[in-house]
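Participant: My request is simple: use the sequences and hints to build the entire structure.
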Amino acid sequence: MNFHQQNNTRRRREAAVFGLLRASTYLVLLCGALVVGTIVFKGAPVLFKAEFPFINIAFFTEAPETLHVFEHDGKKLELGDRDYRAFMENLAAPSASQPAVAPRSEHAYVYSVGGIFPCIVGTLLLVAGSMTLALFLGVCSAIYLNEYARQNTVTRLIRLAVLNLAGVPSIVFGLFGFGLFVIFLGWNVSLMAGWFTLAFMVLPVVITASEEALKSVPRGYREASLALGATRWQTIRKSVLPYALPGILTSSILGIARVAGETAPIMFTAAYVVRDQLPWQVAKLTDFFFQGVMALPYHIYVVSSKIPQNEYTERVQYGSTLVFLLLVALIAAASILLRNRLRKKHSW
Amino acid sequence: MNACLTKQILRTEPPAPRVTATNTTATPAPAEAVPHASPDASLETEIRAPHLIEISNLDFYYGEKKALDCVNLTIDANRVTAFIGPSGCGKSTLLRCLNRMNDLIDGAAVRGGTIKIGDADINAPGIDAIELRKCVGMVFQKSNPFPKSIHENVAYGLRIQGIRDRAEIARRVELSLRGAALWDEVKDRLNDNALGLSGGQQQRLCIARALAVEPQVLLMDEPCSALDPVATGKIEDLIHELKTRYTIIIVTHSMQQAARVSDKTAFFYLGRLVEYDDTRTIFMNPANPQTEAYVSGRFG
Chain L
53 MNFHQQNNTR
63 RRREAAVFGL
73 LRASTYLVLL
83 CGALVVGTIV
93 FKGAPVLFKA
103 EFPFINIAFF
113 TEAPETLHVF
123 EHDGKKLELG
133 DRDYRAFMEN
143 LAAPSASQPA
153 VAPRSEHAYV
163 YSVGGIFPCI
173 VGTLLLVAGS
183 MTLALFLGVC
193 SAIYLNEYAR
203 QNTVTRLIRL
213 AVLNLAGVPS
223 IVFGLFGFGL
233 FVIFLGWNVS
243 LMAGWFTLAF
253 MVLPVVITAS
263 EEALKSVPRG
273 YREASLALGA
283 TRWQTIRKSV
293 LPYALPGILT
303 SSILGIARVA
313 GETAPIMFTA
323 AYVVRDQLPW
333 QVAKLTDFFF
343 QGVMALPYHI
353 YVVSSKIPQN
363 EYTERVQYGS
373 TLVFLLLVAL
383 IAAASILLRN
393 RLRKKHSW
Chain V
-19 MNACLTKQIL
-9 RTEPPAPRVT
1 ATNTTATPAP
11 AEAVPHASPD
21 ASLETEIRAP
31 HLIEISNLDF
41 YYGEKKALDC
51 VNLTIDANRV
61 TAFIGPSGCG
71 KSTLLRCLNR
81 MNDLIDGAAV
91 RGGTIKIGDA
101 DINAPGIDAI
111 ELRKCVGMVF
121 QKSNPFPKSI
131 HENVAYGLRI
141 QGIRDRAEIA
151 RRVELSLRGA
161 ALWDEVKDRL
171 NDNALGLSGG
181 QQQRLCIARA
191 LAVEPQVLLM
201 DEPCSALDPV
211 ATGKIEDLIH
221 ELKTRYTIII
231 VTHSMQQAAR
241 VSDKTAFFYL
251 GRLVEYDDTR
261 TIFMNPANPQ
271 TEAYVSGRFG
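Chains as they are written, first to last, in the working numbering: chain L, 53 to 400; chain V, -19 to 280.
Derived by calculation from the structure, the hints in this document are not laboratory data. Think of the CB as a built atom: it goes at the ideal place given N, C-alpha and C, for glycine as much as any other residue. Among these hints, one or two may not hold up.
Beta-carbon label-pair distances, calculated as ranges [as the list claims (entries may be wrong)]:
1. V/Asp145 / L/Lys397: 24 to 30 angstroms
2. V/Asn37 / L/Lys397: 21 to 27 angstroms
3. L/Arg284 / V/Leu155: 49 to 55 angstroms
4. V/Leu175 / L/Cys192: 26 to 32 angstroms
5. L/Leu73 / V/Asp208: 45 to 51 angstroms
6. V/Asp99 / L/Leu306: 53 to 59 angstroms
7. L/Leu212 / V/Leu175: 56 to 62 angstroms
8. V/Asp217 / L/Arg284: 32 to 38 angstroms
Facilitator: Set out below in structure tokens:
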């Protein structure tokens, strides 16, 4: 008997296939690492600095400003919009001994200094509002489809429609939202329009996942509850929903990343290129819902495709992108923590 | 309104005893399939037991499939009645008709005949299944405590009825747990998760949970099929104690269990009631050869 390794075709093919599979996996990893690595490498210097407090607080707390680059008194100056105005006022009121000298070879680069605070706020508002809407509508429809409705042709058609909705490109949702909310309902470019558009976009995910989560709750809980004289709603509220919630949240986490990240649905419905007031600086409460906001993905789109590229604009591009990545990761992490707590509380 | 009505009807005194207690020949039934033997010996004891549940000519369908075919059965108050028969014979279906749990299954429906509990036809339009289920409790094959504390499990039925008084809830939880012979084992850990209990304890907890809403009838769907002999013995002892206060109907695959716990036994086969009589008669001297073949273990 010869049990030694035979170097035949079968073995070589095995090795080749194995190598191919491994190489594909590593290639994917490499691409991911390159993207994230570039963003971190170029964005980190914007966000962090070597001396105390180590974080570039201005970038997180200030609004974008225009950068003015000019020469004065033989020195090259780079000033943000506010500093530049103050500087020019000083020049405009010269002392008697020193005549005014106009700055020379001036260049202005929009959004290149200051921070992205309004964009962060806008994105957080958009995510919170649209996820609340999507979860409410989605869980309600899932409960109806799974617990109340009879399983027949109509519910099958509804499910098919929901699945199809998941395949609609986001720009179509954007145009739909623009047509329905912005124009037809007259909400203009506003938080409300953005919330509804984004909510409709993730609704299929939420509905499908909620249905799965509801289905996974053991039948025994429903039967036990009903046999004790509970109504269907009491049963759902006390013995089904609490146990389905972790599953519903798991899928919503994917939804959050998508809502926070999509640019197309908000570019027609909710996002402003630039806005001076922060969202809470409104005259009355209803204005809050009907104002446009700045949003991170749209800001990134603007600074990377709508303004001339040069060494001054790169800073805000990579900085915003890194903040955006961190923000999405943070929201997802928070939801995962919440889900794990619920899971521990209602484990079965 | 209807709810209160049902409850009132169910709570009224059972109808006057009948002499033809064991005999259901008053209702038309296929003669070849439902032979009824009522030996004189059992008649005397049966006279005192009033009928609580009266099932007449019941036809039940799952969609187009007939699951119960013209079942006639009267069940006595404060007795244990066992339903036996091979799988798919309709015994669980009949049990679930009694608290209308079949309402939850799409396409399942009673298409003929009536079920009367007390004086109320439970499938009549005005009857609220929710009120019915408060009177007709149920224990399932697979013990299904909620993943909550032991206390909360028993209190569940009380809370959904809107009882908020904590002292009252605590009192009735203790009463129910004592009723299910579980109190001494769990009184020091009422706030522990019920899933930490053993299988037999979980099943007794489910019984306690059903008792908490103070039903009159207790339906048990193979309550011991997942339990070992010791836990089974405890449940059977419990059934003996409970029958002084409740009318118990138990579906079981174990003929020994039917023989041990029940006063009367109904044998079902292919959706028909083959024979219904005193348990002793069914096991010792059955009238139908099919019954005899089944209880002696020659088929099924």
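Participant: Check each numbered hint from earlier against the structure, then list the numbers of those it violates in ascending order.
Facilitator: 2, 3, 7
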